[in-house]
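S.K.: Assemble chain B onto chain A, guided by the hints.
Just so you know, the sequences run in chain order A and B.
Going by UniProt numbering, the first residue of the first sequence is number 1, and it counts up by one from there.
Going by UniProt numbering, the first residue of the second sequence is number 1, and it counts up by one from there.
Treat the hints as calculated values from the structure; they're not laboratory data.
Don't be surprised by glycine CBs; every beta carbon is placed ideally from N, CA and C.
Treat the hints loosely; a few may be bogus.
[As the list claims (entries may be wrong)] FRET-style restraints, in silico, Cβ to Cβ:
id, chain 1, residue 1, chain 2, residue 2, range
1, B, D5, A, Q305, 47 to 57 Å
2, B, L34, A, A353, 36 to 46 Å
3, B, K47, A, K48, 48 to 58 Å
4, A, I333, B, Q23, 25 to 35 Å
5, A, A55, B, K47, 35 to 45 Å
6, B, E139, A, F82, 53 to 63 Å
7, B, E526, A, E90, 19 to 29 Å
The chain contents come next:
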Amino acid sequence: MHLCKTLVAALSISAVSSAIVFDGEPDVNSSAVQKHLQDRSALITLEKRQRQDHAFRQNLSAVARQADAIVDAIRQYEIDSFWRVPGTVEDEDKERFAGEMFLKAKPLIPDTQLWKIVKRMPKGALLHAHLASMLPYEILLDAVMKTEGMVVTVSQPVTNEIEQKNATLTFAHVNHTIAASGPAIDSTDYVPNTQLPVKYAAQSFTGGSQAFADFVLSKLELQPEDSIRHDLGVDQIWRIFQAAFTPADSMMSYEPILRTFYQQLFAALIDDGINWVEIRASASSGILVHQGDEDADPNLDVYWQVMVEELDKFKQSDKGKNFWGARVIWSDIRSEDRASLTSSMKVALGRKAKFPELISGYDLVGQEDLGRPLSDVAPELVWFREQAERLNLTMPFFFHAGETLGDGNSTDYNLVDAILFNTRRIGHGFSLYKHPQLIDEVITNSIMVEVCPISNEVLRLATDVLHHPLPAMVAHGIATAISNDDPAMLGQDAAGLSYDFYQTIQGFDNIGLAGLGALAQNSLRWANFEDQSDGDWVRDIDLGERGTGIKAQYMQVWNQQWEDFCQWIVNEYGNEWQNATMGMTTA
Amino acid sequence: MAADDKEWELEEGIPQVEDPFIQQYLKGRDSLILQEQKQRHDFNLRKALTPVAARACKIVSQIRDRELTRASTPSCGPPALDWGQVRKTDLWKVVQRMPKGSLLNASIHGLINVDKLIGIALTTAGLHISSPQPLSSQEARLKTPVTFQYASSSTRSVKHIVSIWSAAYVASELIPVQQAVSSFPDGGETGFREWLKGRCTLGDEQSSDACRGAPIIDSLLSYEPILRSCLRDVFAHLAADGVDYAEFRHTFAQAYRREGTAAPDADQSEWCHVFHQELRRFQSTDEGRDFYGARIIWTTSRSLSNREIVENMQTCLFAKYDYPEVICGFDISGTGSDARPLSDLVPLLFWFRKECMDAGLEIPFFFHAGESARDGARADQDLYDAILLGTRRICDGSTLYKHPLLTESVKEKKILVEFNPTSSRSEHVLPALLSRGVSVALCGSHLTGGFDGRGAEGFTQVIWRVLLGDDDHADLAGLAMLVENSIRWSCYDDQPTGEWLSEIGEGILGEKVKARRLQEWWARFEQFCEWVTVTFAEEGSDG
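Extracted from the complex, chain A is given alone in its bound form:
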């Protein structure tokens, strides 16, 4: 009817159009349309078979499938009803959407159901994190304030914001008395690098202790206004980021504080559902100041001795009885020249001989774009490998590679070297998705990528989680696990993985609870629980929970945690979201 009207109207204007005669109307049930829809779902199914999480999804229990469907419904509900808020012409910052920049979303995340679920999830292992930046600095600062003899020095008076930004801040312990008097650090009379007792420095600071704490934390944590300035590029944010390690390291060099740090850290990880951690750290010279001392002990072992003691202590505590442990991936600075790198490598091998259970592997850290490319370090790495073999030490590589926006630059090609040096995992691998051949190599050689979504966003590789290449990696069959990198500095401001897990499930429809589960399970499959030959390492990865070693045991434990967790979701949310699971067989 309507069709004819249009036709008649058209006829009066352009007579030539009369040759077109319409026939029938669009019909969802026509065979051609149905055929298309079948082809479509076949194509989607076919593609999903290549996903790295395909096997995990295939093996989900009935309860896990229900939980997956429930979480899917909750996530979708929150995307539509909680996140999608349009801004207005007058107030564009009111705009809100699922997957928006992490630091904008962060204050809102705890109000969601999805957050409660993610928090509770058993997360397996944390595989990529740097020691000095794993625990919120409020906790460390609190310990510093309470510790007798702690002093602070500032490289210049900090009377305004610019000076605060320019100043270098360090903490230290002294074993003599320093007068709690004299100009405050924010007075123009403050003489650069004068030591002041921290308590006095805080009290004399304009605005008191709280203002002092805010200032100190601003030197340790990237500020939201910095991290969203993507137009200033990667190098600029890295300068601010790396400067934060100076005050952080100085806080942690005093033994009592370091001991507190470990206890708090391990407890926080357990609270977040993490059972195992591999920490990137190094100490190629004596850095530990013993209780009551003020100079560092030149002994290269004491630093690690403290870590082993605290780890044992924690594992024996009530809270730590389910904590499987921690190992250290020795991480030298990639910008060091040949002589100092070689000498650090010697220290690393020496520590490995002394602490074989603690030290697990080797890596190079620091801004990849500006440091030496792995191909340049190849002579040292070959030498290192030979020395380890000669000394009968197992020191596999866990290289950072491809943490860059470049394509074909030297950082990007670090991926090539990392693969050729038999790296067991790749840190970040942000540019890997551009390399079809290297992807094949990574998959064939069972190399896993440690993905740090929030770090990549805050350090300006991706504007938000939606622009992260993780989905491309999973879709191509690359094994990945989620890590947090430097959560104390980069804005998570919480130990553990909950925020990075949340961003991952929130960002991508193709992940869901099942995909997140697969990522958590991967973290254990690729955890380096014990020294193994390359052959045993790959065998245990292939066998997974079906193996006979410690890895299989831990994966079995996690599988049970996962089932319990899924059951909890069904119990907790099953009624409210029963539409989501309609038609599914119950367990």
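M.R.: Coordinates of chain B only, in the frame set by chain A:
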């Protein structure tokens, strides 16, 4: 290296680069890289470069590296860019002069000069302005929809008309533009121009809202004299930018009115007629002599209802029947929360395809799909449908790299990706497609130049950005491949699918119009390379 360092290294037993096993390592490294590069989109082209082109390529890369390390060159992000500075650079001169082939996702909006458009609106006799609400407050003027349309002179005398700026304005009443200009409350004519420009360019910075000014411009473009004048500029801008053929995606959202006619046309055939006439007129001028032509990809908004879409499709069929040389394809576009996925529109698209077949009309699909992360699942899922529905190209396929199977499928089916590096912050997606051998052409869109009249260099900006970006592979040779693709995937003539595919396959070796244009372009490119080697001869001697 100092001699004692060397001695120290030898003493320590540190391997030297010349040692056999380090050499072995480096050889293995090279072969792995080479193996990967064989899959690249431009692997064969690089081997076949003429000596002059190879030299020019090297020179341009040197210029790029030199300008990249200079602190003044911005590294990323539009906010920091000072185009005035950029225009002074050598790289800009090179890119500007480069023959750019076809622009496959052109936009009339993106290529017009808004100041000029407003000037025309103010002097076009009989043009009226209206709004569904009085524009009596600042806020109303900022937000309330505004439409222009031609109408016969008002029966009432001018002084009896209630101003559109006053609260007493009767909704939707047509007010002569001149009257609205002279009574504009914030600074008369100058103020009016500023206000209108603001409205037309509103949301320019935020790509998601970039279309907020579009309805106003659409209403102006639907009146014949204004349309004609704008099209002349648009064609001239393209030619000046080094483009010799363009396909415009255009949404026919407003009824068309012929000059001096208040009653709107029932269809858009006359719009196409005018497009065709203006194109021919331009081609007969000196500057348009080498311009091969331009066609329209009829674009329907995905936010419309089924009924509205079917009506729009019918209008498209009429236009194609009447002016087959103007309409070359069909697309569905639009973003936002009310945007429907292609899978939802499948019945309509099948119906459309059947109607085309019955009427003997060739209107292939050139779908938008997978265009941005922000649209999430919808745009991403559209990739499956676009491929299954036989799209000839995909615009802009930003999320394709996440889909290994679809990536293979796109290569196998010879589907080109029209990639727009500036529309989303996804510049780094491009290398992922190129390294897998996906055929890509660079595109701008109405978002790139914004609505602010940068049209004449919009495409130059896009290419400059890619060349200067993080991608070390995106050199002159890589760009040449992208331009060649734009020609190979141009829809110069209506062709059934088989013919379309075989002509793409034959490329420069074919016998039809496409092969001829490829030959012409390569000849121009060779001349351009010669110009590069002569102009920047000193650059070459450094390396």
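S.K.: A separate judgement is required for each hint: does it hold in the structure or not?
M.R.: Do the hints match the structure? See the list:
1. D5(B) / Q305(A): 47 to 57 Å: violated, 35 Å
2. L34(B) / A353(A): 36 to 46 Å: holds, 40 Å
3. K47(B) / K48(A): 48 to 58 Å: violated, 37 Å
4. I333(A) / Q23(B): 25 to 35 Å: holds, 28 Å
5. A55(A) / K47(B): 35 to 45 Å: holds, 41 Å
6. E139(B) / F82(A): 53 to 63 Å: Violated, at about 28 Å.
7. E526(B) / E90(A): 19 to 29 Å: Violated, since E526(B) and E90(A) (Cβ atoms, about 55 Å apart) do not stay within the stated range.
This entry does not satisfy hints 1, 3, 6 and 7, going by the numbered hints stated previously.
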